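Given chain A's structure and the hints, the job is docking chains B, C and D onto it.
Chains as they are written, first to last, in the numbering used here: chain A, 1 to 419; chain B, 1 to 419; chain C, 1 to 419; chain D, 1 to 419.
Everything labelled a hint here was simulated from the structure, so no lab data went into it.
Heads up, some of the hints might be wrong.
All copies of an identical chain are treated as equivalent in the list; a pair is satisfied when it fits inside any one copy or across any two copies.
[As the list claims (entries may be wrong)] Dumping the calculated DSS-like pairs for lysine-lysine here, alpha-carbon to alpha-carbon at most 30 angstroms: (1) 328 - 128; (2) 161 - 378; (3) 128 - 378; (4) 328 - 246; (5) 184 - 41; (6) 236 - 272; (7) 142 - 378; (8) 364 - 128; (9) 159 - 246; (10) 378 - 122; (11) 236 - 74; (12) 24 - 181; (13) 182 - 161; (14) 161 - 78; (15) 24 - 161; (16) 161 - 184; (17) 378 - 159; (18) 222 - 236; (19) 78 - 41; (20) 129 - 74; (21) 142 - 161; (22) 364 - 241; (23) 182 - 364.
A quick note: this is a predicted structure, and the numbers were derived from the prediction, not measured.
Protein chains: 4
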Amino acid sequence: MSSLKQSTKYIKVSSYEAAIGDVKSVLLLYSGGLDTSVMLKWILDEYKADVIALTLDLGQQHDDLEKVRKKALKFGAKKAIVLDAKDEFAEEFLAKGIKANASYQGDYHLSTPMGRAILAKKAVEVAKKEHVDAVAHGCTGKGNDQVRIEGYILTLEPKLKIIAPVREWNMDRNEEIAYAKKHKIPVPASVNFPYSVDDNMWGMTWEGGEIEYPHLIPPIEKFLTTYTLAKNAPEKEDYVKIQFEKGFPVELNGKKMKLSQLISILNSLAGKHGVGVVHLVEDRLVGLKSRGVYEMPAGHVIIKAHKALEQYVGTRTLNELKEQLDTKWAYLCYGALWYDPAMHAINAFNDFVNAKVTGEVTVKMYKGKADVVSMQSKNALAYTSFNTKEGYAFNVNASAGFIEVYSLQMKLASARGVA
Amino acid sequence: MSSLKQSTKYIKVSSYEAAIGDVKSVLLLYSGGLDTSVMLKWILDEYKADVIALTLDLGQQHDDLEKVRKKALKFGAKKAIVLDAKDEFAEEFLAKGIKANASYQGDYHLSTPMGRAILAKKAVEVAKKEHVDAVAHGCTGKGNDQVRIEGYILTLEPKLKIIAPVREWNMDRNEEIAYAKKHKIPVPASVNFPYSVDDNMWGMTWEGGEIEYPHLIPPIEKFLTTYTLAKNAPEKEDYVKIQFEKGFPVELNGKKMKLSQLISILNSLAGKHGVGVVHLVEDRLVGLKSRGVYEMPAGHVIIKAHKALEQYVGTRTLNELKEQLDTKWAYLCYGALWYDPAMHAINAFNDFVNAKVTGEVTVKMYKGKADVVSMQSKNALAYTSFNTKEGYAFNVNASAGFIEVYSLQMKLASARGVA
Amino acid sequence: MSSLKQSTKYIKVSSYEAAIGDVKSVLLLYSGGLDTSVMLKWILDEYKADVIALTLDLGQQHDDLEKVRKKALKFGAKKAIVLDAKDEFAEEFLAKGIKANASYQGDYHLSTPMGRAILAKKAVEVAKKEHVDAVAHGCTGKGNDQVRIEGYILTLEPKLKIIAPVREWNMDRNEEIAYAKKHKIPVPASVNFPYSVDDNMWGMTWEGGEIEYPHLIPPIEKFLTTYTLAKNAPEKEDYVKIQFEKGFPVELNGKKMKLSQLISILNSLAGKHGVGVVHLVEDRLVGLKSRGVYEMPAGHVIIKAHKALEQYVGTRTLNELKEQLDTKWAYLCYGALWYDPAMHAINAFNDFVNAKVTGEVTVKMYKGKADVVSMQSKNALAYTSFNTKEGYAFNVNASAGFIEVYSLQMKLASARGVA
Amino acid sequence: MSSLKQSTKYIKVSSYEAAIGDVKSVLLLYSGGLDTSVMLKWILDEYKADVIALTLDLGQQHDDLEKVRKKALKFGAKKAIVLDAKDEFAEEFLAKGIKANASYQGDYHLSTPMGRAILAKKAVEVAKKEHVDAVAHGCTGKGNDQVRIEGYILTLEPKLKIIAPVREWNMDRNEEIAYAKKHKIPVPASVNFPYSVDDNMWGMTWEGGEIEYPHLIPPIEKFLTTYTLAKNAPEKEDYVKIQFEKGFPVELNGKKMKLSQLISILNSLAGKHGVGVVHLVEDRLVGLKSRGVYEMPAGHVIIKAHKALEQYVGTRTLNELKEQLDTKWAYLCYGALWYDPAMHAINAFNDFVNAKVTGEVTVKMYKGKADVVSMQSKNALAYTSFNTKEGYAFNVNASAGFIEVYSLQMKLASARGVA
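In isolation and in its complexed conformation, chain A is listed as follows (with noise of 0.2 angstroms):
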């Protein structure tokens, strides 16, 4: 009864995999790297199939993407396209996350899982211009990357199949390097280097080496991109000013821009003062616990601003409840439920309380640290403005007949005694 023992190489649980003699022709998602060069070689040496590199250019600070893609053609690829997606990403993807103050677990930002969004949206679309049977990715079997990819395209295109050799040749490192030489794909040289990095706009993901360890200090100074160690940061403070349109960025120091230009400049601004670098363990959605160090300069400083100028125009009321709501929000887009309907109506709801997230927000940055200082908005529920628009002011007589009312329950319970 061998085939019951784990030792089996192929094993296709499921529906969707792709077998060995199914597919003609598969996209395959390039990074570049060690890995997904081997899978370029690997696919077309086991499927027999054409292979089209497809590398999405989301705002990376670390690619140079034509190189890449000569790569992919380099290693074999039939055609390799490189896709600028930096305004789609920075309005369609990154937008919502604005307005849902997209924090996982404190203060990572959601830049990969929103990554991972519209890298499986741009497959899907290039997939069916190129027609292709399947999507090859690099996810290994341990993440979370591997659900949000495959969910989300099948989710967007039940039809197309899925390869990820990754996750299921169990090559080791060696093996790969091995494979990698045998197929002159070159190795990167640095093996003193064991961090990984994911890259967009919106931050850096990065993992490895000590990382991986909690109970270790991660040295950031020998992987963080220079200007964001606070160490290196100038002495004197900046201030820098957010104009919010309906919850959406749409003024840097008084300059309108787009938004993924506003990310790109402010990146550059908040990054050299050292700011949104971030140590967290997180709970990874298939029940691992991870840590990363997250880069977000610009990411820290906008989510910081937007949910300082959504809380002033809001009622308590309804701070609570989106506050709620943001946890939950963080909690579906982190586990790969982007395009469940259960994240869309969270949006729904977000896009109206954005409504009158409008105004202008001055953040100090120094050492690290960014500070929301100072605001201004004319749908602030500021009394003070009230007072002077309406023409009267609270009226303190009320707060005793407050108070009583407000306080009853909580007096009966007492008199009952606590449990």
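Just chains B, C and D now, with coordinates in the frame of chain A:
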């Protein structure tokens, strides 16, 4: 029908307000400031009642409590009591806040709301012991504290009457100063210092001056305790280690100590680095927006450390629910419902969760920012340790099946079209 | 110091109460009953102001509104208006309640709270048109309706003043009857009928008599509309089919009709079977517990049907969140916050969700009980239809992998011991 | 590449599935039905392992458990155990459900999910005592029970292996019948009875036949236990009194008895009136919609009574929060997370709340409907009793002040315009 006019001087709305003539002895919650000193005189004059002054030692840093006590006697108090409630505050009140990751509308760790809960409790204890008829407090009619103090006192002892002169007398600042001068109560010279503070070991709450106007940047260098100015912080970071036992901080840098002491020392260590300064425009319970600037060095470090450790030992399902309940806890605590059964019930939930929150957290402090950089706990749900103990690894073969089932309804919903 | 005593007849606490002499014309929310008839006279006498009476037609079944109108004129109203608001009530108010599965603390479908929201809105419209200075209502000082009516009116038009005689005058029942007799206002003979009702198309709310005392069993046969007594229901069940279009009921038993008409007919059909009678001890907003007996034949059937259909087209993730938000919606609606942005934002959420709630529901009615016994919807997330359309079946091979990943953290947590 | 094809008979996906050859003795969760009888034979044949059969007595009404035990021995079990777990089920499991007002997606009171939680617990206890290597269950690959049983067993004892033949063997009904006939396992004659039931004292769960198709009306008269058909209920209503002590039912109609007995008697009393029959299309955890018809006479009456009493002694703030947590509890309980710390923590919350839930509830039962018609509790937050004890009445003078403060932000928001 002049009785309908608002000009009536004394309007008795609540059933528990003390009418003149009804009370023979009054317990005055006395801070030593102008308001409560004027109140002391005013109660003596108007109510012709004995006044006992009560001042609580909650570890505040700015007050000389013995001086305060003498002042009360000097202005006519029959008796003046200073009560050391530091340990009870730390162990019965702040500990609940720590387990709840106490944070209101951002990073306000609820120092004043928790201070008011113990103040009311101790006031009732003293009131009973001293057989007074009424408790007098100096809260205005626009704030949260009147709701907390009156609500809590009457919850704990419904027979007491309340005197709230500041709310009732409608004196403006000039009238109050005139009254003070007439009665030889010294008026603080610093007319150029419009800032007021509420102070206990868990934090200082600054209000007044530019702080009141959210469009102005508060000049924190004018009022903040100097050592908490990030600008003056040392160039070199410090690391602090906190050991938690069932959610309760028990050791600082390897030294066991009681909580009140731990907080006091940590206030110095973290304060030196300017950690825990927060600007917040918040919703008062009575419907007003107000801005505060908070100094909470120890509180900020402890809450960050506790939250990280708690998440490390909880399941993702629990962590999401806990985050939702933490939000609710903060709104109830701020919202004058400390003694409501809803609060007690969440505390029971939190106690259960925290039975596992044992471990050590290392926090890096630098120029105003605190980061949790490492953690250890035998209860961590880390797979690594699981692997070691139980002898098997995460099974990547399971992932594809997980993804297929997990994403099923999102796919079905998408196939029916997005609304 | 007599002014401090509670005996003072007119205490003006709120800043919007109309002082005598300040108002020239008053809009009276007139029901035709004793209270509002006495009020009419009293306002004429005390305020020397013109009174315009307003009565809303919300589909109530017990009132002859033309009679009510004539009564107002007879007692001295300068003008008496009966406004047919049935369609606006159904389409703008009840429709929101249906999408929210409106149910407070059990099965109270919020007929009165929604009725008060439209009453305030129409009152403000008429008040502006008729140029009155104030609105007068007959709510007591112990109930929810005073909060709703005053809160909503001043939200919609802050310049109006409020007169709330029943709360202010402190007449007891005997004094009121004496006043009525003196002014030739007929007093209802039925002193043996202590039950009072609030009535609109969505439901009748019974209070008074034994109902006030939760330890007594209300003698429903004495006051309920006869056809809603299950005892008198036919021996044979009936089935009713409701077609929903985007969450809105559009057809009854195959016949298209407008919502107000559908509710009216369904009240007869379901009422005949005694469906929708609910006993509930509920929390009033002002802290009192009170019991009501409700008759809501159509409301009960529609909410049950809608909830079932909504769940049928939603994902499990969405259905859980929707249930939580429905609870919140009910507390806000009952809690006099209909016009708070929190409510509007949940309505936006609900509108999104309901865009898919299209289909037919069959409800069986028998002896007081309504059961959803079958449903059809093209948007149902039923796998059967998925299977047909998409051509593949649920993959049982995926389940084991799902279980392993899904249960992982529960296992890890258990291995660390239960607290 | 045939190994990639789904036809492979035995696919080992999960790391805990028992491979043939690895297990020497198996604990079979045995119901006596066709599936588990075939399984018994199949395990003997394929695994060549000893089989011990375990059947739990949870108060089910349809089974002769001694017959079941003998059947297991006849088909080759080495040992057959019937375990009376009625009291543990009632006191340790159902009691938690009662305190949580257990209701999933409507009125399903979670009889099967709670039954599975104790089944797994007792199975692990027996497995340890009997030193078996594996537990075998008869769940299909499409249901919730596989997730519950496997998840719970491995949570409680990670060393056990699992055998899930029905999920794995992929026999269709005809193959199974052929296999049964070949092995002399009697096949139930009633091919015209396509309905299956899961049965314990808390409720019966009917599935199959027309029930599977939500567009069909289930012919309940064909399968429901006759006395629960409302049609056959007596013409006269009955009243039942339940006394709760700290949330736990302790007396029925004035007679103290243990919970399992109370449930059993109440099943007769309420069942006679056809109470507790529920139709529900629900979301399975694995993403499928499925309909069940439930019979839960005692469960329905107890949950209704408990919820009413709990609300009567809680504050409005607590009651809202409890309702939200009840929803969460139901989703977790149904969702196979009984042993997750999130569940334990909610139970701690519920225990606190229920410390006050003491009192008597009277429920009227008539023709399928149960209504709470009266209640008494010394802990009720009723003002009447407060009044008596504490000697003062609700102060209507406080209301206007309450309204003004309470409605303030809604007014401010409205003055800024609705979005």
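Here is what the structure says about each hint:
{"no.": "1", "hint": "328 - 128", "verdict": "neither (33 angstroms within a copy, 40 angstroms between copies)"}
{"no.": "2", "hint": "161 - 378", "verdict": "between (52 angstroms within a copy, 26 angstroms between copies)"}
{"no.": "3", "hint": "128 - 378", "verdict": "between (47 angstroms within a copy, 26 angstroms between copies)"}
{"no.": "4", "hint": "328 - 246", "verdict": "both (22 angstroms within a copy, 25 angstroms between copies)"}
{"no.": "5", "hint": "184 - 41", "verdict": "within (10 angstroms within a copy, 56 angstroms between copies)"}
{"no.": "6", "hint": "236 - 272", "verdict": "both (11 angstroms within a copy, 19 angstroms between copies)"}
{"no.": "7", "hint": "142 - 378", "verdict": "between (48 angstroms within a copy, 23 angstroms between copies)"}
{"no.": "8", "hint": "364 - 128", "verdict": "neither (47 angstroms within a copy, 48 angstroms between copies)"}
{"no.": "9", "hint": "159 - 246", "verdict": "between (38 angstroms within a copy, 29 angstroms between copies)"}
{"no.": "10", "hint": "378 - 122", "verdict": "between (39 angstroms within a copy, 28 angstroms between copies)"}
{"no.": "11", "hint": "236 - 74", "verdict": "neither (48 angstroms within a copy, 49 angstroms between copies)"}
{"no.": "12", "hint": "24 - 181", "verdict": "within (26 angstroms within a copy, 47 angstroms between copies)"}
{"no.": "13", "hint": "182 - 161", "verdict": "within (28 angstroms within a copy, 41 angstroms between copies)"}
{"no.": "14", "hint": "161 - 78", "verdict": "within (19 angstroms within a copy, 47 angstroms between copies)"}
{"no.": "15", "hint": "24 - 161", "verdict": "within (11 angstroms within a copy, 40 angstroms between copies)"}
{"no.": "16", "hint": "161 - 184", "verdict": "within (28 angstroms within a copy, 44 angstroms between copies)"}
{"no.": "17", "hint": "378 - 159", "verdict": "between (50 angstroms within a copy, 21 angstroms between copies)"}
{"no.": "18", "hint": "222 - 236", "verdict": "both (25 angstroms within a copy, 18 angstroms between copies)"}
{"no.": "19", "hint": "78 - 41", "verdict": "within (12 angstroms within a copy, 55 angstroms between copies)"}
{"no.": "20", "hint": "129 - 74", "verdict": "within (23 angstroms within a copy, 63 angstroms between copies)"}
{"no.": "21", "hint": "142 - 161", "verdict": "both (20 angstroms within a copy, 22 angstroms between copies)"}
{"no.": "22", "hint": "364 - 241", "verdict": "both (9 angstroms within a copy, 29 angstroms between copies)"}
{"no.": "23", "hint": "182 - 364", "verdict": "neither (53 angstroms within a copy, 46 angstroms between copies)"}
Hint check: violations occur at hints 1, 8, 11, 23; the rest are consistent with the structure.
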